[in-house]
Amino acid sequence: MHSNELFLKDVAGFLGGYYAAIAIMNGIAALILWQRKHQPVWAVIWTTFACVMMVLGSLALSGSEATVPSLPESVRNLVNTLSGPVNYTVGTTVLLVGFFVYRKFFVQPMVAWSLFNVALLLMGLSMADQNFALIVMKADNVPIVGLVFLLAFFTWVATKQAVVNDERMLRGEPPIEKVNDEKVLVWPDLVYTELICMIAVTAFLLAWAILLPAPLEEPASSVKTPNPSKAPWYFLGLQEMLVYFDPWYAGVVLPSLVIFGLMALPYIDFNKKGNGYYTIAERKFAYLTFQFGFLELWITLIILGTFLRGPNWNFFGPFEYWSPYKVEVLNNVDLPQMFWIGLFDRPLPLAAADSPWYVQIGTILLREAPGLILVGAYLVLLPPLMAVTIFRRYYAKMGLIRYMVMANLMLLMLSLPLKMILRWTVNLKYIVSIPEISLNF
Amino acid sequence: MTHASRAGVKVSSMADRKKMSVAEILAAARAQKAGGGESSPPAESEPASAADNAAETTAAASSEVAAAEAPAAPAAATPAVAKGGARPSVAEIMKLARQKAAAEAPAEAAPAKPAAKAAAPKPAAAKASGDKPAAPKMAAMPRDTASILAAARAGAKPGPVSKADAPASAKPQAKPAAKEKPAGRPVPPKPTRPTPTLKKAAAEDRRGFLSVAMGSFMAVGFSALSVTGGLFSLGLARFLFPNVLAEPPSRFKVGFKEAFPTGKVETKFVAQYGVWVVNSEFQGVEQIYALKTVCTHLGCTPNWLEAEQKFKCPCHGSGFYKDGVNFEGPAPRPLERYAINVSDDGQLEVDKSRTFQEELGQWADPASFVTA
Chain A
1 MHSNELFLKD
11 VAGFLGGYYA
21 AIAIMNGIAA
31 LILWQRKHQP
41 VWAVIWTTFA
51 CVMMVLGSLA
61 LSGSEATVPS
71 LPESVRNLVN
81 TLSGPVNYTV
91 GTTVLLVGFF
101 VYRKFFVQPM
111 VAWSLFNVAL
121 LLMGLSMADQ
131 NFALIVMKAD
141 NVPIVGLVFL
151 LAFFTWVATK
161 QAVVNDERML
171 RGEPPIEKVN
181 DEKVLVWPDL
191 VYTELICMIA
201 VTAFLLAWAI
211 LLPAPLEEPA
221 SSVKTPNPSK
231 APWYFLGLQE
241 MLVYFDPWYA
251 GVVLPSLVIF
261 GLMALPYIDF
271 NKKGNGYYTI
281 AERKFAYLTF
291 QFGFLELWIT
301 LIILGTFLRG
311 PNWNFFGPFE
321 YWSPYKVEVL
331 NNVDLPQMFW
341 IGLFDRPLPL
351 AAADSPWYVQ
361 IGTILLREAP
371 GLILVGAYLV
381 LLPPLMAVTI
391 FRRYYAKMGL
401 IRYMVMANLM
411 LLMLSLPLKM
421 ILRWTVNLKY
431 IVSIPEISLN
441 F
Chain B
442 MTHASRAGVK
452 VSSMADRKKM
462 SVAEILAAAR
472 AQKAGGGESS
482 PPAESEPASA
492 ADNAAETTAA
502 ASSEVAAAEA
512 PAAPAAATPA
522 VAKGGARPSV
532 AEIMKLARQK
542 AAAEAPAEAA
552 PAKPAAKAAA
562 PKPAAAKASG
572 DKPAAPKMAA
582 MPRDTASILA
592 AARAGAKPGP
602 VSKADAPASA
612 KPQAKPAAKE
622 KPAGRPVPPK
632 PTRPTPTLKK
642 AAAEDRRGFL
652 SVAMGSFMAV
662 GFSALSVTGG
672 LFSLGLARFL
682 FPNVLAEPPS
692 RFKVGFKEAF
702 PTGKVETKFV
712 AQYGVWVVNS
722 EFQGVEQIYA
732 LKTVCTHLGC
742 TPNWLEAEQK
752 FKCPCHGSGF
762 YKDGVNFEGP
772 APRPLERYAI
782 NVSDDGQLEV
792 DKSRTFQEEL
802 GQWADPASFV
812 TA
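Residue numbers (my numbering), protein chains in the order written: chain A, 1 to 441; chain B, 442 to 813.
Check the hints yourself; a few may be wrong.
To be verified - Think about it this way: if two alpha-carbon atoms lie no more than 30 Å apart in a straight line, the pair counts; the simulated BS3-like pairs of lysine-lysine are:
(1) A:K326 <-> B:K705
(2) B:K705 <-> B:K763
(3) B:K751 <-> A:K224
I should point out that these hints are in silico values taken from the structure, not numbers from a laboratory.
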């Protein structure tokens, strides 16, 4: 525990400043609310909160184990035991669905401000934990922490505008963007703004580069891979996908499909509404599909890969020590093995080494028959099935080709979470596994 | 036309009204022009700026389009066009010009000239008349823009040639400045001008000298370039076959059999050679074999974890048993083996030039292991 005391002494100054910053921020918010006069209760609440933050800040500045505000050991242990890939994914999904369903509640400024403050407070309390701070305060990861908050903010702004517009349209009014459609000139209005932003961002980046130097490492070596070895933050979602797929699929096919799918969007989308203004109610399908693909299948995976994947790409709880010796049982098997060995209790079909080529190929096809049939059914049978059931209206509006493109893109997008679930539940490695030609799915 | 209307905006509306939408500003500007608003510039400047604007248009089309506009200037000034009414568009101006030119075409180019002359006193028309000599040609030319452009590009000069133009077309076009001065006022009979021929000859000479000089410079330059390029290619080819290879040999000795007791994974060759030498059982037979340290998923280097008796990849968590067979994570096939044999002096020798893949049944090859 001696090292923990040293750590707390190190981090005390930062935490003090951190709490003070929260306090000042809330003080300003309270002042603005007070001057506007219509929400005096909230002004009082935020003033009180600011005072509490100041107290926490002074406690943190003491730097002693007894006084630095932190989460209790039991809570941290509970969080660690509860966290795992399954709980993380299910949890974030539930959270996002909750935010979506109760969006009218969450877009209220005071609710959002409260959530923001709670998040900041939890961050502060967690940063008194050595393991948490080590990951979150790593020079690599600081911008990612910032990006998480930034993304949350922008998602909130967009949702708020959409909710406002949806309510207006429910009352028969035009969306707010159509009312204030005042246009400004590119020169000088836009160009000046851009210039000022450019200068400000450059200054900010300079200051950042000086304060948080890039974490350079030893020269690269082909026989030594850092443990854990992580992609750049924006590719960590891809790296997480690669845990469940063969490189050609997760590294080539799926990313290309993302690009082609985005290119195909204007041709697939037959909904003319929502052009030039924010709305959710008028484009629910498009909105949900995009947010699922972006927030769920990309952003949460980036957060998972950045903060929760440690040595040997094992999963670590937020307060867990990143031990390279952590043992996790992750044994998995291919579908043919499950089918032939598990179900029929007989060895995999194997052609003799000296048999002619057509026998060899036939044997491989027989071996992979269950997987091939399953994949074929998924991609060939499901689209027409969906056309006559859940997507009946879409099929009628889109016509055969557009509908098939849309359905296949959706199914391929869904193959990622499906494969993840199969890995977690039945330890399935590959549905089709033909290592002879490096084709695995 | 945007040029003209923008000028109007600058004069009238921009100053006092700042936050109007672009569409509103344009509409206001047009309305003002049409009504001949008090703050708008004098009416004559309109065709002027039209011609001016047209003169600014892009390269190949510019002279011909301007030529088409030149007659348009007087045309706009004539009462035939409603002066106070809406401003004529380019298309209308051009149509008018063509109609006029077509009407005058039978009477040769001579009548076309006074028309241009009538416009001459105005400074605007004078500006446009820089291109005037080409104007009469319009009469006999094809009517649509595409063919006009095509003709311009082809350098064809069809149609009748006026007297004023005759020397111009005879002379090289490099001397428009000389022609520009007499263009505005009535042309007096020209005195014999010996200078042009002289100047022309001089220019020809100068150009000839330049072309020869430039040609030879270019010739020298490109010859030098090709020679150095050839030398560079030779140097590059030489570079591909260096005197000394810094990479370790693909065949190397790792020691005697006794150095690899049963169950041992020797990791000391990883840093230099990228190979694990393992003494272990594979399918019930004790063997010594050399495993390649490249993960079969995406090519990272796994680590040997002694406590867990497995190879574990740090990139995506693939795991391999001691015999190299994959069992966890995304790796689709076992690690590969290098060829290994007992050399003449009794030491084990690994040959990295050959690999053996389990899924292809190559581990049965006696070259892929040494019986312990």
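Q) Which of the stated hints cannot be reconciled with the structure, identified by number in ascending sequence? A) Of the numbered hints given earlier, the structure breaks none, since each of them holds.
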